[in-house]
Amino acid sequence: MTMITKILTGLALTELALCQSGADVLNFVNPLIGTVDGGHVFPGATLPFGMAKAVADVNGEDQGGFASDGSNITGFSHMHDSGTGGSPSLGNFPLFPQAGCPGDTLNNCIFPKETRATPRINGSVRAHPGYFAVAMATNIKAEMTVTNHTALYRFSFPDTPVENHATLSPLILADLTDLPDSRINGSVNVDEETGRITGTGSFSPSFGIGSYTLHFCADFNGAAVKDTGVFMNNRAGSEPKNLSTVQDGVNNSPEILPAGAWTQFHAPEGDNNEILARVGVSFISVDQACKNAESEIPDYDFEAVHAAAQDAWTKTLGAVEVTPGEGVNASLQTVFWSGVYRASLSPQDYTGENPLWDSTEPYYDSYYCIWDSFRSIHTMITILDPLSQVRMLRSLIDIYRHEGWLPDCRMSLCKGFTQGGSNADIMLADAYLKIKSISDGVDWATAYEAVVRDAEVEPENWSVQGRGGLHSWKNLHYIPTEDYDPYGVGPFTRSISRTVEYAYDDFCIAEMAQDMGHDADAQKYFGRSEYWRNMYLPSQNSSINGTDTGFTGFLQPRFLNGTWGFQDPIFCSPLLNFTSCYLTPDGHETYEGSSWLYTTFVPHDMASLITTLGGPDQFVKRLDYLHESGLLYIGDEQGFLPVFQYHYAGRPGKSAERAHYYIPRLFNTTLVGIPGNDDSGAMGSFVALTMMGLFPNPGQDVYLITPPFFEEWSITNPVTGKKATVRNRNFDAGYENLYIQSATLDGEAYSKNWLTHDFFLNGGVLELTLGRNESDWGTQEEDLPPSMSTNHRMTGCSLL
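Going letter by letter, the sequence shown gives residues -19 to -1, 1 to 781 in mature numbering (1 follows the signal peptide of the UniProt record, and there is no 0).
Hints were generated in silico from the structure; no laboratory data involved.
Any given hint could turn out to be false.
[Claimed, not checked] Computed cross-link-like contacts, EDC-like style, restricted to lysine to aspartate or glutamate with a CA-CA straight-line distance of at most 20 Å:
id	residue 1	residue 2
1	K602	D567
2	K704	E729
3	K272	D172
4	K733	D713
5	K207	D172
6	K222	D162
7	K455	D500
8	K417	D379
9	K455	D496
10	K272	E255
11	K703	D366
12	K455	D466
13	K602	D500
14	K704	E638
15	K207	E173
16	K207	E174
17	K94	D162
18	K417	E437
Input sequences plus hints: build the corresponding full structure.
This is how it looks when you write it as structure tokens:
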């Protein structure tokens, strides 16, 4: 048997053991979905919302560390984000193993990241919740698992190194770098007796301002230490045992100076040629990194750590019980469970690891970004794991206490860029309306203070917090293009998308104000939530390739003096490759989407929007055109809600059709099985909630009902102990019975096409009887989801 065959056989046996011993649900999770073509999913070992995230890093699409694109392995690092776009993040202090140095000469080993990159062995990748493994062309097999702050690697070396004229004398280096090569400075030390490598580095965030400092502590087990030292650039030596690096002021690029430390070993003890590497990480200090490692993994027991990680994932995913139904393709179960899994990767629990202020509150990071995650991720966490969601809420409020603003995006302790509105307002309002009764420890008074500050006070730098253009917002009642704003700085773009997002932010604040008894505030913010109307131009038409689409009435930019500007309604759509509609100086009036898309974004008053756009029938035609013309990209989160907005026009059956239009066509089990970036699990939560048949209108206590993709599912609330069940009658695996004919809730007839979160708090059974044709279920005016204009009485709304 060749070494490669041995490696692949060993990995297959490990995989078989997982399938036989793990909970059934884990066998349906494929962490490799979305690891090519821009999905940027992190497929490595982690705990639910865990800080340590271990995987092989590659020199291809490395935003998630690893990619299934055939690119070469550059190291194995311990912290990552998942599904992000743009520049990669984290991936600090990677380890890289070599079986021996050619000619047994130290400097014949390879140290810099670019030159040590090594091909993987095709077919060797194994990924399961809490575990990742891959083999390199050097016949070194790497396996990894984690605790919350510590990664544990098991490197298996060949009997004879692939390198010419080398004996088995493994060398493992630790590199003072990160995925984007953003190091500002760093230092490293190696203990010549134990081989322990410790270090510190300061780095730049991937989508924000400032810098962060991270520390690590790497220990090894399984072989005696032969020698230790440091390396700089492509040269290494046994002396000294420490080094420091700074930018040199001439080249001013950390890429110029690879640096780190290494430990070389005698041949490993035992028959398996294994060396274990334990790496603790900390934002506090090197000492804390070492304490994390020593307390969480005291005895290097790989199987025990792996089993504990599996147990954690079994508990998290076990919140949902699914009866698939006869004949349901197993691939759909994989799509569903993998979606739930990816939605449980972030935000990351950094509690106890925040050096910025002293607090006993939880601290979560990698809100990357709330603009993406408020639409489905946090609602899903609220349903499945409300205790974690409560901790995240407390973390957001504590960030406000100490920094003066709620974040819209945050990573690596740094402020991230705001993409539109102040979307933490929506996240807080959503939770307030749904789980206020079980939110022990959440300071809702301070939460309200924070969201009001977003609405009333413009920060000096509104590119990373709060909102810009508030003077115009309060006085003109819209965000003008080419705004005059001497009160703060930020990108003066996205006037249309910011207007509709600010309007919805204010609606969500009004909901909280109304419930808390702040009546004057409620009236004010309900009024501001209507400002979207001031960007609506009824006469604006739209053409594609010179052909009129037949629709008029779109959001358009306006100047300070009230006159209209122009942006083609299809501009910023997939039809024009989004046309640089990003956070760039040449960004336009909508962000990552067209006026066609943003004209539908009035989630709080769909009844008024539908009337404005010509009534229910015309609105349904417009939605159909949006989905079928290529104008909508479901790979951006703004595309989620339009799948279900047919409910508001009395056509819930059309929403069900659209759900099946996208699943499994664009959401499937292939490596490219999600459209676009996963965005910290946004695509995962979308597909999971859609398949459950209860999709949220986030920021409101509303779930839109469609038939689940399975015969039955149940969720037991971990706080109240109550079980919520949705059951399909006349279910068929071919999904020919796609339309709800009638429904009962706890045995009583139920005609509304939506329900509230009380279903999850108090439990109940929602039973849906299905058929092959649309029915009149959920179509009457009294059955439609609530809209502001039909559910709130307001006066004094000052509109242009």
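(request) Output the numbers, in ascending order, of every earlier hint that fails for this structure. (result) 1, 4, 6, 9, 10, 13, 14, 18
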